[in-house]
Amino acid sequence: MINWRGAYAIFWHELMRAFRTAFGSIIAPVLTTSLYFIVFGAAIGGRINEIDGIPYGAFIVPGLLMLTLLSESTSNASFGIYMPRFTGAIYELLSAPVGVPETLIGFVGAAAAKSLILAAIILATATLFVDYTIVHPVLAIGYILMVSAAFSLFGFILGIWADGFERLQIVPLLILTPLTFLGGTFYSIDMLGQPWRAIALANPIVYLVNGLRWTFSGTSDVNIWLSFGMTLGFLAVCVGIITFIFRTGWRLRD
Amino acid sequence: MSGVSTSTHRASRAGRRPLAIAGPPAILPPVSEPILDIRGLSKTYKGGLTALEHIDLTIRRGEIFALLGPNGAGKTTLIGAVCGLVRPSGGTIHAFGQDLSTRWRSLRRRIGLVPQELALDMFDTVSRTVNYSRGMFGCPPDPQRIESVLRSLSLWDKRDAKLRELSGGMKRRVLIAKALSHDPDLLFLDEPSAGVDVELRRDMWQQIGELRARGTTIILTTHYIEEAEEMADRVGVINKGRILLVDETRAIMGQLGRTEARFTLETPLAALPAALQSFPLALEDGGGLLVYRGGDGSGKGKREVADLTRALVAADIDFIALETAQSSLEEIFVGLVKNREKAA
Numbered sequence: 000m001i002n003w004r005g006a007y008a009i010f011w012h013e014l015m016r017a018f019r020t021a022f023g024s025i026i027a028p029v030l031t032t033s034l035y036f037i038v039f040g041a042a043i044g045g046r047i048n049e050i051d052g053i054p055y056g057a058f059i060v061p062g063l064l065m066l067t068l069l070s071e072s073t074s075n076a077s078f079g080i081y082m083p084r085f086t087g088a089i090y091e092l093l094s095a096p097v098g099v100p101e102t103l104i105g106f107v108g109a110a111a112a113k114s115l116i117l118a119a120i121i122l123a124t125a126t127l128f129v130d131y132t133i134v135h136p137v138l139a140i141g142y143i144l145m146v147s148a149a150f151s152l153f154g155f156i157l158g159i160w161a162d163g164f165e166r167l168q169i170v171p172l173l174i175l176t177p178l179t180f181l182g183g184t185f186y187s188i189d190m191l192g193q194p195w196r197a198i199a200l201a202n203p204i205v206y207l208v209n210g211l212r213w214t215f216s217g218t219s220d221v222n223i224w225l226s227f228g229m230t231l232g233f234l235a236v237c238v239g240i241i242t243f244i245f246r247t248g249w250r251l252r253d
Numbered sequence: 000m001s002g003v004s005t006s007t008h009r010a011s012r013a014g015r016r017p018l019a020i021a022g023p024p025a026i027l028p029p030v031s032e033p034i035l036d037i038r039g040l041s042k043t044y045k046g047g048l049t050a051l052e053h054i055d056l057t058i059r060r061g062e063i064f065a066l067l068g069p070n071g072a073g074k075t076t077l078i079g080a081v082c083g084l085v086r087p088s089g090g091t092i093h094a095f096g097q098d099l100s101t102r103w104r105s106l107r108r109r110i111g112l113v114p115q116e117l118a119l120d121m122f123d124t125v126s127r128t129v130n131y132s133r134g135m136f137g138c139p140p141d142p143q144r145i146e147s148v149l150r151s152l153s154l155w156d157k158r159d160a161k162l163r164e165l166s167g168g169m170k171r172r173v174l175i176a177k178a179l180s181h182d183p184d185l186l187f188l189d190e191p192s193a194g195v196d197v198e199l200r201r202d203m204w205q206q207i208g209e210l211r212a213r214g215t216t217i218i219l220t221t222h223y224i225e226e227a228e229e230m231a232d233r234v235g236v237i238n239k240g241r242i243l244l245v246d247e248t249r250a251i252m253g254q255l256g257r258t259e260a261r262f263t264l265e266t267p268l269a270a271l272p273a274a275l276q277s278f279p280l281a282l283e284d285g286g287g288l289l290v291y292r293g294g295d296g297s298g299k300g301k302r303e304v305a306d307l308t309r310a311l312v313a314a315d316i317d318f319i320a321l322e323t324a325q326s327s328l329e330e331i332f333v334g335l336v337k338n339r340e341k342a343a
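Residue numbers (numbering that gives the first Met the number 0), protein chains in the order written: chain A, 0 to 253; chain B, 0 to 343.
Among the hints, a few may not be true.
[Claimed, not checked] If you only want the chain B side, here are some residues facing chain A, beta carbon under 7 Å, derived:
#, residue
1, C82
2, L84
3, V85
4, R86
5, G90
6, R104
7, R107
8, L112
9, D120
10, Y131
11, M135
12, G137
13, F278
Since the hints were derived computationally from the structure, they do not count as laboratory data. Ideal placement from N, C-alpha and C gives every residue a C-beta, glycine not left out.
If we strip away everything but chain A, and leave its shape as in the complex, we get:
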């Protein structure tokens, strides 16, 4: 039987940690994303033509939101589990009546919840600089939730895999951020000529950005079902890896 109190304790403790470190966890990403909106949305966006019939300022909103979701979900979850490993406080988690479900609800749930809160703040902030609409609001919330959960799971795995702070930063900085920038955040991949368009389609982030963009504007560069399917598939793979980690004790138990 699941230890619900244990799961809630971890969830709440992790969520509160974000508010205790509000500048790094909330204010910094909101400020960074707002700068993008100011520069690319308000300042330059007015001089750029519409893309797929959408004003440029509104076009970049889903991509920038995705950029924040991916990096923050990954960072929050990876730091959430890496820090107890680093300090040794992981002993308590391992000796507690806490298994895969409690851990996922606690650590991954908190990381995903932080991302959702961030997403709400960023979308509210975006209204100050650009005009945008959300065509499918329910699907948009669902998609944001799914991406946050998937990349929080990914971050959790990263936090267990990492054996130093450097490794913890490598994936978000050297893989996720470049792929997101190249994944159609600031442009439609239809604007690319071959072979760059074909290469861009090999970037999985393209499908995530376009999936979210579809919920905002109803347009997408790629098949929307493929986007949803890939996100769900990624989420399932992460859950599988975490189950394996807990069953084998990989990097957790000697």
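Once you have looked at the hints, place chain B on chain A.
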């Protein structure tokens, strides 16, 4: 033999006053009611190091059990295997009569662990981290219980302090508070006195005594033999992953404990007088040193030395100096380990 004898010796060595902790119960529960039953437990790490080799160990409900051993003996691995930090390579562990490998979720709620390292989130506050521990072990919030735990460990005034602001001793108290927050029936203390000052060690012993009085079973590992000698009902000696000996502390002292008294005589004796023949005595240093070697760790040695002193006075044998020493558990332990190594 180490130091000068008498029961106050251990107190003076640690610079403390004798403790009034709850003593061992007169009759220990029978072995047929174990709270922890370990059978054939083995652990070989990936690198090939065998940390535990077919360990069989039964812990009785309500006792304080001290696990003694040198560094690398397997003490922490053994605790880790029971508490879920280490994956055993073989063997079984039953806690509260149930298989720990299958019923771990319900059984771990009843087990507490105080680790050796000060493994804490240093940016957290005392109150928050202790409440967090209670919640993680599935217990509902109970501010009164947390207050009681913090007060008992003299942490209440520091409840809002960040852990990084606390001294090392205070941090160790926080670790204990975290382990006690969910009221465990079985508590593991891995080197509880490591790196703490004398006063805190005394307080901790007091706390451990009170826990036992409330019925908590305690298993502790320690390098401080006096800790085991002072508190433990039973002692287990482990070395190189094998249990060398498990017995009641008093029994070990009884079997292996020795008292030595050295009387420097004013006038050397050529032979032992008939009045002293009943004592285990030897004349050394050309008859100028009368040496008593006896006792069984139960106090018999001290009584006999007192009797011998009176006998010397009665026999008009003057002595100008008296030096006594009592073998400690530490010496017994070192001797055991050396003997086993020689045998191997």
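- Item | R107 (chain B) as chain A interface residue, shortest Cβ-Cβ below 7 Å | holds (4 Å)
- Answer holds if the nearest beta-carbon of chain A is closer than 7 Å to that of D120 (chain B); otherwise answer violated. Where the cut-off is 7 Å and the nearest Cβ of chain A is about 6 Å from D120 (chain B), the hint holds.
- Item | Per-residue hint verdict: G137 (chain B), partner chain A, C-beta under 7 Å | With a closest approach of 5 Å, the G137 (chain B) hint holds.
- Query: Taking the least C-beta to C-beta distance, is V85 (chain B) closer than 7 Å to chain A?
  - Reply: holds (5 Å)
- Does Y131 (chain B) pass the interface hint, meaning its C-beta sits closer than 7 Å to a C-beta of chain A? Result: holds, 5 Å to nearest chain A Cβ.
- Message: Restraint: R104 (chain B) near chain A, CB-CB cut 7 Å. Satisfied or not?
- Response: holds (5 Å)
- Close enough to count: is the Cβ of L112 (chain B) nearer than 7 Å to one in chain A? With Cβ-Cβ at 5 Å, under 7 Å, it holds.
- Please verify that hint: R86 (chain B), Cβ, nearest Cβ of chain A, below 7 Å or not. Holds, about 5 Å.
- Item | C82 (chain B) as an interface hint toward chain A, with CB separation required under 7 Å | Since chain A brings a Cβ to about 4 Å from C82 (chain B), closer than 7 Å, the hint holds.
- Close enough to count: is the Cβ of L84 (chain B) nearer than 7 Å to one in chain A? holds (5 Å)
- Task: Identify whether the interface hint at G90 (chain B) stands, where standing means a beta carbon of chain A within less than 7 Å of its own.
- Result: violated (16 Å)
- Task: May I ask you to test the interface hint for M135 (chain B) with respect to chain A, counting a Cβ-Cβ separation under 7 Å as satisfied?
- Result: holds (5 Å)
Hint violations for this structure: numbers 5, 13, all remaining hints satisfied.
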